[in-house]
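Asks: Chains as they are written, first to last, in the numbering used here: chain A, 1 to 110; chain B, 111 to 224.
Everything labelled a hint here was simulated from the structure, so no lab data went into it.
All C-beta atoms in this analysis are idealised placements derived from N, C-alpha and C, irrespective of residue type, glycine included.
Do not take every clue at face value.
Computed beta-carbon distance windows for the label pairs [said to hold, decoys possible]:
#1 208(B) - 53(A): 24 to 32 Å
#2 121(B) - 41(A): 32 to 40 Å
#3 30(A) - 137(B): 22 to 30 Å
#4 177(B) - 67(A): 41 to 49 Å
#5 185(B) - 59(A): 33 to 41 Å
The lines below spell out each chain.
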Amino acid sequence: GQQVMQIPQYQHVQEGEDFTTYCNSSTTLSNIQWYKQRPGGHPVFLIQLVKSGEVKKQKRLTFQFGEAKKNSSLHITATQTTDVGTYFCAGQNSGYALNFGKGTSLLVTP
Amino acid sequence: SAVISQKPSRDICQRGTSLTIQCQVDSQVTMMFWYRQQPGQSLTLIATANQGSEATYESGFVIDKFPISRPNLTFSTLTVSNMSPEDSSIYLCSVEDPGTYEQYFGPGTRLTVT
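Go ahead and model the full structure; you've got the sequences and the hints to work with.
Replies: Okay, here's the thing in structure tokens:
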């Protein structure tokens with residue numbers, strides 16, 4: 001079955017440094033979604049990527065979907081303490097439920 | 111996005127008992143999902159609940175242990191039956207936007223089994 005691998009598992013940065021998390025699927029995806037989960041909270045939808053090679057930006061966050069639609073990345077520029085949390089990617093094939101990666105926990109030190 | 115509520119938000123239960131978790135959505139949705147998230151772990155899909163049909167369970171999860179109801183397009187329940195400490199986890203329901211396939215999560219139910 002479809003597997004979604006996500007790295008790194010943890011990342012500790014100083015405030016102002018950049019951060020990237022990577023997601024790879026064993027199969028071609030119809031779309032990939034990214035979620036953020038704050039400590040003690042529930043996953044909150046960030047974005048969905050659908051097209052091959054798609055790049056989307058949300059303020060300091062940049063999301064990319066690979067040309068083969070099997071990998072994706074989330075890059076945060078100049079991290080802030082409010083970026084702390086776990087970032088999950090979740091791959092989907094049409095008509096099937098989301099398959100979540102293990103997540104990357106980001107810690108930002110002021 | 112849909113607004114989703116869950117009850118209870120947390121509970122502490124004794125081994126061998128059962129707990130029913132409710133999920134209420136503020137709009138009609140076709141696809142609802144139940145996930146489990148153990149502390150510090152990712153989300154694992156338990157089952158997909160569509161209104162008017164039997165829930166579809168993922169590998170490792172069975173209906174006798176996790177019976178699901180989906181009586182209408184805005185409500186679902188998940189029961190954790192004959193609980194053991196290994197069932198201690200956060201249980202989350204989610205709904206899918208039918209046009210975009212984006213999923214939105216409820217706040218979760220934190221279950222502790224003693």
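Asks: If a hint holds in the structure, say so; if it doesn't, say that too.
Replies: Each hint, compared with the structure:
1. 208(B) - 53(A): 24 to 32 Å: Since the Cβ atoms of residue 208(B) and residue 53(A) sit about 26 Å apart, the hinted range of 24 to 32 Å holds.
2. 121(B) - 41(A): 32 to 40 Å: At roughly 18 Å between Cβ atoms, residue 41(A) and residue 121(B) fall outside 32 to 40 Å, so the hint is violated.
3. 30(A) - 137(B): 22 to 30 Å: 24 Å, holds
4. 177(B) - 67(A): 41 to 49 Å: The hinted range 41 to 49 Å holds for residue 177(B) and residue 67(A), with Cβ atoms some 44 Å apart.
5. 185(B) - 59(A): 33 to 41 Å: Once the Cβ atoms are compared, 36 Å apart, the range 33 to 41 Å for residue 59(A) and residue 185(B) holds.
In summary, the structure is inconsistent with hint 2 from the numbered list given earlier, while agreeing with all the others.
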